[in-house]
Amino acid sequence: MDDEQLAATAAAFDGVAPTYDGPQGNNVLIQRMRDIVHARIDALVTPRSTVLDIGCGTGLDAQHYAERGHRVIATDWSPAMVARAAERAATTGLPIDARRVGAHELDRLDVERGSIDLAWSNFGPLNCVPDLGATAAALARHVRPGGHVVASVIGRWCPWEVVHYARRRRWQRVAVRFLRRPTPVGMAGGTIWTRYHTPGEFTREWRRGAPGEWDVVGLETLSLFVPPPYLEAQALARPDRLVRQARWDDRVGAWPVVRAFGDHFLVTLRRR
15 MDDEQLAATA AAFDGVAPTY DGPQGNNVLI QRMRDIVHAR IDALVTPRST
65 VLDIGCGTGL DAQHYAERGH RVIATDWSPA MVARAAERAA TTGLPIDARR
115 VGAHELDRLD VERGSIDLAW SNFGPLNCVP DLGATAAALA RHVRPGGHVV
165 ASVIGRWCPW EVVHYARRRR WQRVAVRFLR RPTPVGMAGG TIWTRYHTPG
215 EFTREWRRGA PGEWDVVGLE TLSLFVPPPY LEAQALARPD RLVRQARWDD
265 RVGAWPVVRA FGDHFLVTLR RR
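Here the sequence shown is numbered in the working numbering, starting from 15 and rising by one per residue.
A few of these clues could be false.
Said to hold, decoys possible - Label-pair restraints from in silico Cβ distances:
#  : residue 1 : residue 2 : range
1  : R182      : G128      : 43 to 51 Å
2  : V177      : R127      : 22 to 30 Å
3  : D254      : P61       : 12 to 20 Å
4  : G147      : V231      : 15 to 23 Å
5  : G203      : R181      : 21 to 29 Å
6  : G128      : V266      : 23 to 31 Å
7  : V125      : P93       : 32 to 40 Å
8  : D124      : V266      : 36 to 44 Å
9  : R181      : M201      : 20 to 28 Å
10 : R265      : Y179      : 34 to 42 Å
11 : T105      : N41       : 35 to 43 Å
12 : R122      : D56       : 28 to 36 Å
13 : V125      : R252      : 22 to 30 Å
If you are wondering where the hints come from, they were derived from the structure by calculation, not from laboratory data. Cβ coordinates follow ideal geometry from the N, Cα and C atoms, glycine included.
Build out the structure end to end from the sequences listed, making use of the hints.
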């Protein structure tokens with residue numbers, strides 16, 4: 015992933031920043047995933063922590079944790095998203111420190127070494143990073159020993175997506191997640207350059223960048239039986255079925271093998 019691709023990705027998110035709190039960035043299925051991520055964070059974070067939001071978007075997660083008494087550093091590669099997060103902080107008066115720092119350049123984040131208690135990255139910012147190992151190394155400096163990183167990552171094996179696009183004979187779109195290189199994905203007229211990962215690929219690259227610094231302490235699928243967020247209309251057409259699908263995700267989502275499939279996977283890493 016080169017500088018031009020990174021710039022295009024930032025521009026794509028700039029383009030949707032004004033409306034990103036609407037259905038495109040925060041529909042019912044996204045909120046379900048968000049609630050699961052929050053539950054995992056809540057089990058780890060202690061009162062009045064210093065937390066880092068990597069790829070904060072408009073600052074919804076940052077606001078959630080600032081309202082609960084935490085000091086939040088909210089970072090994003092998109093200037094327009096950072097502006098939205100800063101506006102949210104100003105409007106609410108909450109302790110949200112919004113900064114333009116991409117997930118790929120956390121080495122330049124100006125914080126004291128070991129001052130972050132917990133970091134999270136929600137809904138795929140780490141898929142837009144050229145070198146996960148460099149991100150892991152930077153976070154090993156920023157996160158205190160015993161602290162955590164919680165990340166929802168867009169996975170490689172999404173059965174819903176394969177079936178959805180295969181039915182429409184959009185074979186190139188079917189293949190997108192299986193490409194082992196940065197891949198252009200359209201969004202509202204812009205292009206997001208994305209790298210898809212299996213949980214194994216992700217954790218291997220993470221550990222290579224910071225050997226001996228991180229332990230994987232949690233891994234589960236997000237939205238295997240529940241459809242991906244872009245299929246919200248289909249999911250809501252059968253609310254009874256959606257309830258059953260959610261129960262199956264909750265029941266088996268952390269099982270080995272199963273957790274490699276789904277729209278996203280959720281990984282929790284502990285700093286040694």
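Going through the hints against the structure:
no. : hint                    : verdict
1   : R182 - G128: 43 to 51 Å : 50 Å, holds
2   : V177 - R127: 22 to 30 Å : 47 Å, violated
3   : D254 - P61: 12 to 20 Å  : 39 Å, violated
4   : G147 - V231: 15 to 23 Å : 19 Å, holds
5   : G203 - R181: 21 to 29 Å : 25 Å, holds
6   : G128 - V266: 23 to 31 Å : 37 Å, violated
7   : V125 - P93: 32 to 40 Å  : 20 Å, violated
8   : D124 - V266: 36 to 44 Å : 42 Å, holds
9   : R181 - M201: 20 to 28 Å : 22 Å, holds
10  : R265 - Y179: 34 to 42 Å : 27 Å, violated
11  : T105 - N41: 35 to 43 Å  : 23 Å, violated
12  : R122 - D56: 28 to 36 Å  : 29 Å, holds
13  : V125 - R252: 22 to 30 Å : 46 Å, violated
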